[in-house]
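Residue numbers (this note's numbering), protein chains in the order written: chain A, 1 to 219; chain B, 1 to 219; chain C, 1 to 239; chain D, 1 to 239.
No lab work stands behind these hints: they were computed from the structure. A few of these clues could be false.
Covered stretches of chain C (chain D as the covering partner; in silico rule of three or more C-beta atoms under 8 Å from a C-beta of chain D) [claimed, not checked]:
1. 50-63
2. 72-81
3. 91-97
Think about it this way: if two alpha-carbon atoms lie no more than 25 Å apart in a straight line, the pair counts; the simulated SDA-like pairs of lysine to any residue are [said to hold, decoys possible]:
4. B/K122 / C/G131
5. D/K75 / D/E148
6. D/K164 / B/D99
7. B/K170 / C/E143
8. A/K170 / A/N111
9. A/K125 / D/K164
10. A/K122 / D/G133
11. B/K122 / C/D141
12. C/K223 / D/Q205
13. A/K122 / D/K164
14. D/K186 / B/D99
15. B/K122 / C/E86
16. C/K134 / D/A119
17. B/K171 / C/R142
18. A/K125 / D/D49
19. D/K186 / B/I141
20. D/K164 / B/A78
21. D/K134 / C/V98
22. B/K122 / C/F139
23. B/K149 / B/E205
24. A/K122 / D/G131
25. A/K166 / D/G127
26. B/K122 / C/P232
27. C/K223 / B/D61
28. C/K186 / A/D99
29. B/K166 / C/L96
30. A/K166 / C/P118
31. B/K125 / C/R89
32. B/K166 / C/E99
33. A/K125 / D/E95
34. B/K166 / D/A119
35. A/K125 / D/T23
We treat Cβ as the ideally placed atom computed from N, Cα and C, and that holds for glycine.
So you can see what is in the structure, the chains are spelled out below.
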Amino acid sequence: MMALTREQMAKRVAQELQDGYYVNLGIGIPTLVANYVPDNMEVMLQSENGLLGMGQFPTEDEIDADLINAGKQTVTMATGASVFSSAESFAMIRGGHVDLTVLGAFEVDVNGNIASYMIPGKLIKGMGGAMDLVAGADNIIVTMTHASKHGDSKLLANCSLPLTGKNCIKKVLTDLAYLEIQDGKFHLLEYAPGVTIEQIKALTEGELVVDSNVKEMVI
Amino acid sequence: MMALTREQMAKRVAQELQDGYYVNLGIGIPTLVANYVPDNMEVMLQSENGLLGMGQFPTEDEIDADLINAGKQTVTMATGASVFSSAESFAMIRGGHVDLTVLGAFEVDVNGNIASYMIPGKLIKGMGGAMDLVAGADNIIVTMTHASKHGDSKLLANCSLPLTGKNCIKKVLTDLAYLEIQDGKFHLLEYAPGVTIEQIKALTEGELVVDSNVKEMVI
Amino acid sequence: MSGFNKVVANYQEAMAGLEDGMTVIAGGFGLCGIPENLISEIKRKGTKDLTIVSNNCGVDDFGLGVLLTDRQISKIVASYVGENAEFERQMMSGELEVELTPQGTLAEKMRAGGAGIPAFFTATGVGTPVGEGKEVRTFNDREYLLEESIRGDFAIVKAWKADKYGNLVYRKTARNFNPMAATAGKITVVEVEEIVEPGELDPDQIHTAGIYVDRLIVGTFEKRIEQRTVRPSHNKSGE
Amino acid sequence: MSGFNKVVANYQEAMAGLEDGMTVIAGGFGLCGIPENLISEIKRKGTKDLTIVSNNCGVDDFGLGVLLTDRQISKIVASYVGENAEFERQMMSGELEVELTPQGTLAEKMRAGGAGIPAFFTATGVGTPVGEGKEVRTFNDREYLLEESIRGDFAIVKAWKADKYGNLVYRKTARNFNPMAATAGKITVVEVEEIVEPGELDPDQIHTAGIYVDRLIVGTFEKRIEQRTVRPSHNKSGE
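Looking at chain A on its own, in the form it has when it is part of the complex:
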């Protein structure tokens, strides 16, 4: 089975970008999406700590402790950037003004529920801005591996972990497939090159629908 690399996942997500999109990218694979914005397109990155128009990492000379992204990394500003308070940043997010949000998850289920911030007794980092992001955005893509290292499906009938948001996820890109959540089912839209539909089925715990127009992913 040829699962997608992190870079390939980011590349596939980047195909969902549109010219003029304001986009919030979470930490991890979502961050990589910024590297694959098509050349004929402009997108503007929103960083929820209060920056619209996040640029690339700074050179050593450009490093500024007062200019970081939501992952606390030093960044720069793109041309036409603006800075604002956290209240204003989340007014933007909660008000539905961000065109696309890409974020990671531990689990997603057939009802569009997402669990991404907490593993009771094990990992309690806090939700940061993730709950606001999933509640505020219409257009969200979750990126994650299809199954855990132990082979447990992360696409479930019901999330087992505490939720980050309820009924809010419609699109999931895993290392195996691109899926849409609708009517309480996962709809397989695309399978990764070298991955069979049977392999995907085996690793999808929630109900999976394979439409007739399913196709191989082009990266």
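On the provided structure of chain A, position chains B, C and D as indicated by the hints.
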């Protein structure tokens, strides 16, 4: 009977100012208070359309259509002024950050209710910011004539006009007296020079308490 | 590509899609900081049955008042009728539905609309006609009203400067309701006095981020003054 | 007279009146824009049993983390524990009460606290542990949680520049939670890198008006960086 002039009323109110006060002055007599700020004192005027640090009227040369006060009059900015949105201006007001609010009224009653914005069938100008101002401020002085032109008391047992605010007024300065509202009664603190307590009683419909330490107003 | 260039060619394009019965949120306080030319374009289009959300409604022959004259407005949400005789006449006669809303509540309703907050509690208006029919709830021994947010099909906004991406800067008290209006329109149209290139505005000093702005146009403005109050230029402070 | 001069003589005076059991709202995101020296002063004072409201709690040896080490904090309201091992340890062991609050809800709670809004509805957190025990209400076919505002006995804030009257300007993303924190303290204490004379800041460009500021002090800052990410200076954009 020697009722106070508008200017004398403003002068008396000005005695309630303290150095460093942020003050919102309503239209009419309250506006005049700005002319009587004691020399050894600094106050900063908040104009609810979005200006803290309102200055005097402009000279002909200084007139700027983009710089007006809440009464839509052209103004200037004082040193150290700041400009902000209406949402921010009322966040300031509603949040209780203004030290003193002075505004006019049609009626006030023994429960601290105030009617100031509407006479049904006759005058419907709208409440503007008055409802926010009376709800947001702890320290409010109402300035008005004690009675109407026809001799009807404006200090009532119960306001007859639609209210601007409920249980919010504690201090009233009229052309005859300075009163405090407490425990459902008007407490006479000071009488204007040349005005008798009997005259004030006759023109006060709501219950009036004359404490032993009542004194003549010094202007 | 120019995905973020919000500049439109003319005022017709700026207000394209405005239809009868829509809700329009307008910036401005009195005649200060009003989107003069966008209002003129609505007048020219003759769109009817509009709901206007604005602190005031201009004067009889300027600002939003011109839409009253033409009976283009069926409902107004405002805090102050002010010195607008036609507004007062239409309101008293019942031709015009008016929802008088406290100024701070109105500003907050617009902000909430743009910020995805459907309702909030405020002490403003408790026990007054504004509170009639609204939920009252006690927090920390004080009563508050539940107020719902406002969104518009269109928001019309006046700013001072913009860059092509729609980042806005307002000037002095012409700011007023404009920043909140800008966030609360499904389509937000902004007219400005000057448009500069992206990068020319200091990112720390932008009042409204371009994400809220859909269309941008540069106009010329009359900026009529409602109360021209002056002091003599020979007094001590004017010397 | 100098009724509006907010400048205090030293850090002791800046934090005077802070007592055991009080609530302190702090600006900052990660280690960016944090009131470093005001935090140090709280550590020096040794005030105990504090409730801290802040997006994060610093790292083990810097920022608010230093108050955890000294067990000065009994409760934290934050959105992210982050890379703070001592925070995580005290939370897991139950020594520290933690109210995990979504970042946007936290920012809005502070703003609402300062703006006299006791509670507001938000979709954030519906159906999650954050929503447990909170009222859920439907507006326009969507469910929202009722969230209450936050105020503090003290707010500690870091700005870039101030004038003596306490008008504040923030720099880049060091702004973050500072403007809301500034509004939500009964006593708001601000430390800055530079204090200028009133009139030197452009009134249109002040981020926080002096009305919110009670005490002001100029400090020097370490500004530690949490994630120093760089690109080589010889790539195409760096040339």
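Going down the list of hints, with the structure as the test:
1. With 0 residues having a beta carbon nearer than 8 Å to a beta carbon of chain D, the segment 50-63 of chain C misses the requirement of three or more and the stated coverage is violated.
2. Beta-carbon proximity to chain D at under 8 Å applies to 0 residues in the segment 72-81 of chain C; the threshold of 3 is not reached and the given coverage is violated.
3. By the rule of at least three residues with a Cβ nearer than 8 Å to a Cβ of chain D, the coverage given for the segment 91-97 of chain C is violated, with 0 such residues.
4. Using a Cα cut-off of 25 Å, the hinted pair B/K122 and C/G131 holds, with the two alpha carbons roughly 21 Å apart.
5. Restraint check: the Cα-Cα separation between D/K75 and D/E148 comes to about 17 Å, which is no more than 25 Å; the hinted pair holds.
6. Between the alpha carbons of D/K164 and B/D99 the distance comes to roughly 19 Å, so the proposed pair stays at or under 25 Å and holds.
7. Restraint check: the Cα-Cα separation between B/K170 and C/E143 comes to about 18 Å, which is no more than 25 Å; the hinted pair holds.
8. Under the criterion of a C-alpha separation no larger than 25 Å, the hint pairing A/K170 with A/N111 is consistent with the structure, at around 9 Å.
9. A hinted pair counts as satisfied when its Cα atoms are at most 25 Å apart, and A/K125 with D/K164 does not qualify at roughly 40 Å.
10. At roughly 24 Å between alpha-carbon atoms, A/K122 and D/G133 fall within 25 Å of each other, so this suggested pair holds.
11. A C-alpha spacing of about 36 Å is found between B/K122 and C/D141, which places the hinted pair above 25 Å, so the restraint is violated.
12. For a cut-off of 25 Å, the pair hint linking C/K223 to D/Q205 stands: about 22 Å separates their Cα positions.
13. For the hint linking A/K122 to D/K164, the alpha-carbon distance of about 49 Å lies beyond 25 Å, and the restraint is violated.
14. A hinted pair counts as satisfied when its Cα atoms are at most 25 Å apart, and D/K186 with B/D99 qualifies at roughly 13 Å.
15. At most 25 Å may separate the alpha-carbon atoms for a hinted pair to count; B/K122 and C/E86 meet this at roughly 15 Å.
16. For the proposed pair C/K134 and D/A119, the alpha carbon gap of about 15 Å is at most 25 Å, so the pair holds.
17. For the suggested pair B/K171 and C/R142, the alpha carbons sit about 20 Å apart, so the restraint of at most 25 Å is met.
18. Taking the CA atoms of A/K125 and D/D49, the gap is about 23 Å. The hint holds against a cut of 25 Å.
19. Pair hint D/K186 plus B/I141 holds up; C-alpha atoms about 23 Å apart against a cutoff of 25 Å.
20. Using a Cα cut-off of 25 Å, the hinted pair D/K164 and B/A78 holds, with the two alpha carbons roughly 14 Å apart.
21. Straight-line distance between C-alpha atoms of D/K134 and C/V98 comes to about 35 Å, which puts the hinted pair past the 25 Å bound.
22. About 36 Å separates the Cα atoms of B/K122 and C/F139, which puts this hinted pair outside 25 Å; it is violated.
23. Distance hint between B/K149 and B/E205 is fulfilled; the C-alpha atoms sit about 15 Å from each other, no more than 25 Å.
24. A distance of roughly 21 Å separates the Cα atoms of A/K122 and D/G131; the hinted pair therefore holds under the 25 Å criterion.
25. Under the criterion of a C-alpha separation no larger than 25 Å, the hint pairing A/K166 with D/G127 is consistent with the structure, at around 6 Å.
26. Under the criterion of a C-alpha separation no larger than 25 Å, the hint pairing B/K122 with C/P232 is inconsistent with the structure, at around 37 Å.
27. Between C/K223 and B/D61 the alpha-carbon distance is near 16 Å, which keeps this suggested pair within the 25 Å criterion.
28. For the suggested pair C/K186 and A/D99, the alpha carbons sit about 13 Å apart, so the restraint of at most 25 Å is met.
29. Between the alpha carbons of B/K166 and C/L96 the distance comes to roughly 29 Å, so the proposed pair goes past 25 Å and is violated.
30. For the suggested pair A/K166 and C/P118, the alpha carbons sit about 18 Å apart, so the restraint of at most 25 Å is met.
31. Proximity of B/K125 to C/R89 is assessed by CA-CA distance (about 11 Å); at most 25 Å being required, the pair is judged to hold.
32. A C-alpha spacing of about 20 Å is found between B/K166 and C/E99, which places the hinted pair at or below 25 Å, so the restraint holds.
33. A hinted pair counts as satisfied when its Cα atoms are at most 25 Å apart, and A/K125 with D/E95 qualifies at roughly 17 Å.
34. Note on B/K166 and D/A119: the hinted pairing holds, with a Cα-Cα distance of about 20 Å set against a maximum of 25 Å.
35. For a cut-off of 25 Å, the pair hint linking A/K125 to D/T23 stands: about 23 Å separates their Cα positions.
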